[in-house]
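In order, the protein sequence lines correspond to chains E and S.
Those letters in the first sequence? Residues 1 to 290, per UniProt numbering, in order.
Those letters in the second sequence? Residues 1 to 337, per UniProt numbering, in order.
No wet-lab data here; the hints were simulated from the structure.
Model, not experiment: these values are computed from the prediction.
Hints should not be assumed to be uniformly reliable.
Stated by the list, open to error - Just some of the chain E residues that point at chain S, by a computed CB distance under 10 Å:
(1) R25
(2) L116
(3) V122
(4) P123
(5) R128
(6) L167
Unchecked claim - Among chain S residues calculated to face chain E with C-beta under 7 Å, some are:
(7) L74
(8) L76
(9) V77
(10) A97
(11) L99
(12) V106
(13) R123
(14) A126
(15) A127
(16) A129
(17) E197
(18) A315
(19) V316
(20) V317
What the hints assert, rightly or not - Between beta-carbon pairs, the in silico distance windows are:
(21) R35(S) / T127(E): 20 to 30 Å
(22) K155(S) / P164(E): 49 to 59 Å
(23) G209(S) / V42(E): 25 to 35 Å
Quick reminder that beta carbons are idealized off the backbone N, C-alpha and C, glycines included.
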Amino acid sequence: MSALEGAAALPVPPAPPAAARAFARLLGSELLLIFRRPRNLVILAALALLPVAIAVVVRYSSGGIGAEVTLFTRVTGNGLFLAFGAMAVMTPFLLPIAVTVVAGDAVAGEAASGTLRYLLAVPAGRTRLLAAKYLGAVLYALAAVLLIMLSALAAGWALFPSGPVALLSGTTISLADSLLRLLIVAGYATAGMAALAAVALAVSTLADSPIGVVAGVVVGVVVFQLLGALPDLAPLRPYLITSWWTAFDEVLRSPMGVARLVDGLLVYAAYTLVALSTAWARFTGRDITG
Amino acid sequence: MSVNAGVTEAEGTSAGASPPLGRGGAIVTTSLTKRFPGGQVAVDHLDLAVPRGSVFGFLGPNGSGKTTTIRMLLGLVTPTEGTCEVLGEPVPRRLAAVLPRVGALVDGPAFHPHLSGTANLLRLSAADAAVDRRTARARVAEALARVGLSAAARKRYGAYSVGMRQRLALAAALRGPRELLILDEPTNGLDPQGTREVRSLIRQVAAAGTTVFVSSHLLAEVEQICTHAAVMSGGRLVAQGTVAELRAALGGRAAVTRVTVETPHAGRAATLLTGLGLAGVRAGDGEVSAALGDRAPEDVCRALVEAGVAVRGFAVVRPSLEDVYVDLTGEGFDVGA
Ligand SMILES: Nc1ncnc2c1ncn2[C@@H]1O[C@H](COP(=O)(O)OP(=O)(O)OP(=O)(O)O)[C@@H](O)[C@H]1O
Ligand SMILES: [Mg+2]
Numbered sequence: 001m002s003a004l005e006g007a008a009a010l011p012v013p014p015a016p017p018a019a020a021r022a023f024a025r026l027l028g029s030e031l032l033l034i035f036r037r038p039r040n041l042v043i044l045a046a047l048a049l050l051p052v053a054i055a056v057v058v059r060y061s062s063g064g065i066g067a068e069v070t071l072f073t074r075v076t077g078n079g080l081f082l083a084f085g086a087m088a089v090m091t092p093f094l095l096p097i098a099v100t101v102v103a104g105d106a107v108a109g110e111a112a113s114g115t116l117r118y119l120l121a122v123p124a125g126r127t128r129l130l131a132a133k134y135l136g137a138v139l140y141a142l143a144a145v146l147l148i149m150l151s152a153l154a155a156g157w158a159l160f161p162s163g164p165v166a167l168l169s170g171t172t173i174s175l176a177d178s179l180l181r182l183l184i185v186a187g188y189a190t191a192g193m194a195a196l197a198a199v200a201l202a203v204s205t206l207a208d209s210p211i212g213v214v215a216g217v218v219v220g221v222v223v224f225q226l227l228g229a230l231p232d233l234a235p236l237r238p239y240l241i242t243s244w245w246t247a248f249d250e251v252l253r254s255p256m257g258v259a260r261l262v263d264g265l266l267v268y269a270a271y272t273l274v275a276l277s278t279a280w281a282r283f284t285g286r287d288i289t290g
Numbered sequence: 001m002s003v004n005a006g007v008t009e010a011e012g013t014s015a016g017a018s019p020p021l022g023r024g025g026a027i028v029t030t031s032l033t034k035r036f037p038g039g040q041v042a043v044d045h046l047d048l049a050v051p052r053g054s055v056f057g058f059l060g061p062n063g064s065g066k067t068t069t070i071r072m073l074l075g076l077v078t079p080t081e082g083t084c085e086v087l088g089e090p091v092p093r094r095l096a097a098v099l100p101r102v103g104a105l106v107d108g109p110a111f112h113p114h115l116s117g118t119a120n121l122l123r124l125s126a127a128d129a130a131v132d133r134r135t136a137r138a139r140v141a142e143a144l145a146r147v148g149l150s151a152a153a154r155k156r157y158g159a160y161s162v163g164m165r166q167r168l169a170l171a172a173a174l175r176g177p178r179e180l181l182i183l184d185e186p187t188n189g190l191d192p193q194g195t196r197e198v199r200s201l202i203r204q205v206a207a208a209g210t211t212v213f214v215s216s217h218l219l220a221e222v223e224q225i226c227t228h229a230a231v232m233s234g235g236r237l238v239a240q241g242t243v244a245e246l247r248a249a250l251g252g253r254a255a256v257t258r259v260t261v262e263t264p265h266a267g268r269a270a271t272l273l274t275g276l277g278l279a280g281v282r283a284g285d286g287e288v289s290a291a292l293g294d295r296a297p298e299d300v301c302r303a304l305v306e307a308g309v310a311v312r313g314f315a316v317v318r319p320s321l322e323d324v325y326v327d328l329t330g331e332g333f334d335v336g337a
């Protein structure tokens, strides 16, 4: 463009650099792809319904619900506890499965259907595409977590009392404080799922069958949970990503068990770093023959 | 180029065999080789030279390495050996600069089944940093119109017929202005009408100055639209040049120009043609054919008429590219390993 044209152009508000804007478009398209996909929507709907089902069961049954009895008996005192309870129930398996379905499919699904070769011929750029795929999966995880919590809050307050919340340690906190703590739970849970998404994405770049990837990662999660549950393998526990997912019960103590949450976040960061490096090395070097 | 310079014997690709295109070519590969893990050599020391502005037919039987070559040109597959240059830039090193100028249809259509044709193309647009968001929709609509898909633009891709899918892949390649179109078997699955449309589309695009590189095993098609062609066999290049050169390269080979005379006096005509010195005379029921050699067809025809042979039909059959192809690849029905 000549200087004259530049001078004649209307003053425009400072726009983000073109590359960032272009990436935002790619990410937007990725999100549309994820959130328009019927399968992913059905999963979200199921995740949102479960807290409602739990609320109904707790409200209309006299007995307790096994392991989560301490949390759920509190639900009858304050509906807000349903959000914590629902997360405690869904974080070990259901939420990871939902995240794995999206993240595990991210590259392998497009490779298997052949759409990957058209994206790369555009050119989408391999690193750029991988980044968009990862962020898309993380945002899906965030949406799932928020949906579970909102659904649980709605169901909890519809069927149970609201007001100040009595913590596990006995102290009572205000509603505002408890909502803030709920947000911390959401953030921590999303971070755990983001680490899982990185692992699933890495596996997704290693294999060409999306169903195989999802099945493999889910089996991996189950195996990790089992290993973490064996008393003999207690020394292994801190290294298993799965052991940290439910550490958000620290949020319900007074004072909050921040140290343990930070340890959890560090473990997540380590998993994410290794997994994303693997995914990047594999994806940028690989032949696309599908 | 001499008659034989266009043909490289399958036994060895000599360095001097490829046309001297140098920097000006739309696609130039030297010794391009792909050996897949497992040892399969899909492309073997390929020296391809596609001149700018040409419509270049890339011929070869199933499994001869056409798609693998195209994947290397697009940076999808890394060559194990050799180099390739697309639009003057080395690939894969400068892919980001090259690919926005290239439209490609690779190995058949592939799109998301739950999205419409428009949504699928918009997804590709969104991935394209070179596309202006404001003009993306208009461009997509235009590309769909060019391939005759406007009416089905909002239909789910999963509900498309085979031909509609192929058209959508073509539309994806035509999403923006291109300097080079790489089309891998673009008429696969199309009806005769669709095939004609694709041919005219390629002519249009070429007339506008775009180089078109089109792989096919439908030879008649290549012959109709291409200015240049290359023939692959078992991963190796066996011939390349202009279509005329390839035909000429047949001199002395099995496929030669023949005359066919339709006449009730087949026996007399056969004797006469033999008398004229034509070789390979074959007399059939109401038809006689012979190799034309260096005789002018009009002389042959006049001789027949003057001898009182009732000529009902007279045709000069030039060797088709198919003859060249069969001759060069020795291709029967079986796919090479
Ligand atoms: N990913 C792969 N791994 C191993 N071998 C491969 C791979 N892809 C292709 N090949 C082999 O490379 C050879 C060339 O395949 P290619 O797909 O390039 O042929 P083609 O000329 O496009 O054939 P067609 O006309 O059938 O499309 C074949 O023998 C094929 O089996
Ligand atoms: Mg092919």
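Against the structure, the hints:
1. R25: This interface hint holds because 5 Å falls under the 10 Å limit.
2. L116: holds (8 Å)
3. V122: holds (5 Å)
4. P123: Result: holds, 4 Å to nearest chain S Cβ.
5. R128: holds (8 Å)
6. L167: violated (46 Å)
7. L74: holds (5 Å)
8. L76: Cβ of L76(S) sits 4 Å from chain E, so the hint holds.
9. V77: holds (4 Å)
10. A97: violated (10 Å)
11. L99: holds (4 Å)
12. V106: Holds - the Cβ of V106(S) comes within 7 Å of chain E, reaching about 5 Å at its closest.
13. R123: Since the shortest Cβ distance to chain E is 5 Å, the answer is holds.
14. A126: holds (4 Å)
15. A127: holds (4 Å)
16. A129: Where the cut-off is 7 Å and the nearest Cβ of chain E is about 4 Å from A129(S), the hint holds.
17. E197: violated (21 Å)
18. A315: violated (44 Å)
19. V316: Violated - the Cβ of V316(S) stays beyond 7 Å from chain E, reaching only about 44 Å at its closest.
20. V317: Check failed: Cβ of V317(S) comes no nearer than 41 Å to chain E, outside 7 Å.
21. R35(S) / T127(E): 20 to 30 Å: Cβ of R35(S) to Cβ of T127(E): about 26 Å, so the range 20 to 30 Å holds.
22. K155(S) / P164(E): 49 to 59 Å: Check passed, 56 Å falls within 49 to 59 Å.
23. G209(S) / V42(E): 25 to 35 Å: violated (49 Å)
When the structure is compared with the earlier hints, violations turn up for hints 6, 10, 17, 18, 19, 20, 23 and for no others.
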